[in-house]
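Trainee: Letter by letter, the chains look like this.
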Amino acid sequence: MRIIKNKTLIPVCSGILAIFWFFYGITHYGFWDELKGPMPGFVPSLIAMVLFLISVFGVIQSFREKDTKKTLESWTILLAAFITFGIVFLIGMIPALMVFVFVWLKFYEKTGWKNTFIILLVSFSIAYGVFVVWLEVPFPRGLLFESFVYL
Amino acid sequence: MQILWAFRCNPLRTRTQARGFQVVEQALRRTKMKKNLPVLAAFLLAGCLFSGGQQSPSGADPGKPFEPTRNVEWIVTSNAGGGSDIFTRAISDIIVKEGFFQAPILVTNKTDGGGEVGRAQTAGTSGVLANHTLLTFNSGDLMPMVKNTPNRVENFKPIGIMAVDKQLIFVTPDSKYKTFQAVLKAVQAGQKVVMGGSKGDDIATYDLLRSELKWTEAQMPFITYDSTNDALTAILGKHVDIVISKPAAAAEYVEAGKLLPILALAIERYTGNLSSAPTLSELGNYKNVELPVWRGVVGPAAMSPAAQAYWSGILKKVSETETWKTNYLDKFKLVGEYKNWQEATEYMTQYQKDYMAAQNIK
Amino acid sequence: MENILMLFSGFSTVFAFNNLAACLFGALMGLIVGAMPGIGSLAGCALLLPLTYKFNPTTAIIMLGAVYYANMYGGAFSAILLNIPGDSPAVMTAVDGYPMATTRGRPGQALFVSNISSCIGGFIGILILTFTGPALAEIGLAFGPAEMTSLLLMAMTSVGWLMGESPIKGVIATLLGIILANIGMDTLSGSPRFNFGSLYLMGGIPFIPFVIGSVGFAQIIKIMENRNADPQKLNQKLTIRSSLLSIKEFRRLLPPAIRSGFLGTFVGVLPGAGATTAAFLGYAAQRPFKSEEPLGTGAVEGIAACEAANNAAAAGAFAPLLALGIPGSGTGAVLLGGLIMWGLTPGPLLFTKSPDFAWGLIASLYLANLCALFIAAGIIPFLVKILSVPIKLMIPLITVVCFVGAYSSSNSMYGVLVMLLSGVLGYILDKHKYPLAPMLLAFVLAPMLESNMRKAFIISQGSLSIFVTRPISLVFLAIMAALILFPVIKTAIKRIRKESPK
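Residue numbers (numbering that gives the first Met the number 0), protein chains in the order written: chain U, 0 to 150; chain L, 0 to 361; chain H, 0 to 501.
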């Protein structure tokens, strides 16, 4: 049996963060200056102090709660998004996103060709048509494009 | 044809890339920040992931005069519509209009990390990209960069300085202090005078003024606002006693009688409606305080000397156009003062040295 | 009276054909740009600025004014339909708008509520601007660091009303928001804080990617679980008529919209505050009032309160810009830059030197407001169809929008990384029923509060007296004390009443 359950995770994390923030803030940025009043570390350490106290209450409260259901499937989209994030550096933003949409719909969701292509087309027209052509956002073109196509 | 080029040059790529690493590493060694691993990591990330890998090597012979052969990326570290952005777009508009060269110019706003990311990326750019990357670089960019990061002017190839600006101190007409003598007297009598101003340049000038007058921060506290406009709002609402500002931002208020210039932070008085403000030496046994605020352009350290000279020449041509004078300098009340790359290198290096000495940065 | 005459001459300027066309075009562009996440009114105006060089200054500023204005409408579209705020002022709209569109199945009404409230808020703002003109700007000037500190403190304590079921969770979320906002450059000392040596963190966590991630992308992670369910059953056919509001609903949105209209105008005039702050405060101010559904679960009042506030603030922000040449926001700064480019000098002399221009602009705001309302109303029936697309097809599409939106806000992959990470954070918090709204509110307000408080302390040399010796500041502190004590006293009285019969 796990000692720390999901429900306790957030207050425990925020408590640890608060302790770290408090000491880092006090030691690096100063608390109170005679003439200028609060220093850069004033608000962070003060807030961290309160956060720590509240987190303790949060941990206590969490014992009375039902634990949430674990759902691994939710994380697949996150995993896919992070992989896409990496691919952007290789082949550029727009191609990476299109590959993501295609692979996701066709191989993960097993969508039909028609719907896959409609969604591909819609996402392409938003990402390329609106953001690139009209708003001129300079998306990364990726290593491949830079080294082979360009000069 | 283009693809062939790329293939032929490809084996060289790793070498130029390595040079990009070296530049960054040297910078770190020079500034003795090597122990600070996160900074090193950030620099490597900035230098390599985002731009370091994007280059293929320069094909130009060293002796041949440089000519842009691909898109020119002009990096601006302020938001669209900010001062640096207007400056850059004014120059690039003139270049396009006058047809100084044919390659397209892409102005890119890189505001991450308060602009430090854009500056670090530019410093580390290498290969053919290095000759086609420009960065708008002002005194207001140099100061936070030197103060907060190990990046230095030496990591860039200065191309030119286009304009300089100076500051004045203003009060409202119904203020307690109608002249700077009154301010001097008040402080000597033990009162505290609160000064408002913007970041970067204004703080540096404030420090210089304070050290000349030999006042402590308690005698004349400084409140940093996000922008000159915010500082002017504060003095119009009488939340600070005096305000430091460049002439352009305050001129309209002076004309409307809402602000009064009381001290010119310059070697000589201003002309026009700002001429009533004396310089510091007129008020007693002080030296004049002047810290020029400059707007310039730099390239990456790996930029070839030929390219550096070429860009410097383009800026010179821009500075000589009538459009530049009427549509930029006059409109923003700046003093046009073109410096070529040699002069700019010397000037920026000296400026950095003075700033580091004043701020005790080693 | 003089103002009204000037306004009418302004209207005669606006009704020239090219100005009218510019206004319509600007409104349409603004709606689209506003609905695109990551591209806010700042980028929108900056992007369209070069287009206007060829126009005369009056036409140009009318178009930019319309873009700026219609943005506030457009931002709500993606907030309501996709739970991704199109721009930062629309953050709070998503809180009630998305539940109303999905769980309550009334997307058309949600969009109409947002549009009509925007229009009401906008009109209140513009009317105030017309009648007080430059004088309005003077109110903003009275707010120095001490006044702003007390005002923001008051606003932050009213966050208490946003907490939802568990106060502890609400407070944790709020404090987390403040802590995340600590990261980045500290303006007053000019040195970085909590950046741990990273150049990227030196500039802080960018707000837009943070919002797109913690609200929008977190939503995607969440709906992965039940993505194979049927698409939202919309309880009516999607026509203009079925999307219209009933008279009862119109009556419901009216009081919050009017209240927020006044509040928003006031916030828009304040130095350093903008439409986003106004939307947050408008929403927070709605808490003490009753609504049919609880706020946060799709209440008409919630949408109305924040949408009216942000449009009113957009109008209010014009007051300091026109009267004093002080831009109240980043977008204001772009407009200011535009004015200078056209050879006009905004500042105390603008109303006297070029009255045609100044009043033409104010008149165009009335027109822009109407244009935006009609264009928006025309496309609502088409927009709501988005919700009948099966969820599993929407997942990759919205992910794409999150990516491009997060990238575009600062043209860097750092934005995308922030978006993904805050998506994880938002999902985990939401999963354990931690409310997101207080976190976002604290993220925006806390830095303003901190810098104003520290400025006030520099002025007073570390003495607290500055907050009570200034009358405006004292009033806000008194209201704050009342807000805190009121619930305490109320429960105390209840207890006494309960016990007394015994």
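Some clues are possibly wrong.
Capping the alpha-carbon separation at 20 Å, the derived lysine to aspartate or glutamate pairs in EDC-like fashion look like this [said to hold, decoys possible]: (1) Lys432(H) to Glu33(U); (2) Lys53(H) to Glu254(L); (3) Lys361(L) to Asp164(L); (4) Lys6(U) to Glu224(H); (5) Lys430(H) to Glu72(U); (6) Lys352(H) to Glu254(L).
Simulated from the structure, these hints should not be mistaken for laboratory data.
Trainee: Each of the hints needs a verdict: does it hold here or not?
Mentor: Right, here's what the structure says about each hint:
{"no.": "1", "hint": "Lys432(H) to Glu33(U)", "in the structure": "violated, 42 Å"}
{"no.": "2", "hint": "Lys53(H) to Glu254(L)", "in the structure": "violated, 29 Å"}
{"no.": "3", "hint": "Lys361(L) to Asp164(L)", "in the structure": "violated, 27 Å"}
{"no.": "4", "hint": "Lys6(U) to Glu224(H)", "in the structure": "holds, 19 Å"}
{"no.": "5", "hint": "Lys430(H) to Glu72(U)", "in the structure": "holds, 14 Å"}
{"no.": "6", "hint": "Lys352(H) to Glu254(L)", "in the structure": "holds, 12 Å"}
Going through the hint list in order, the structure does not satisfy hints 1, 2, 3.
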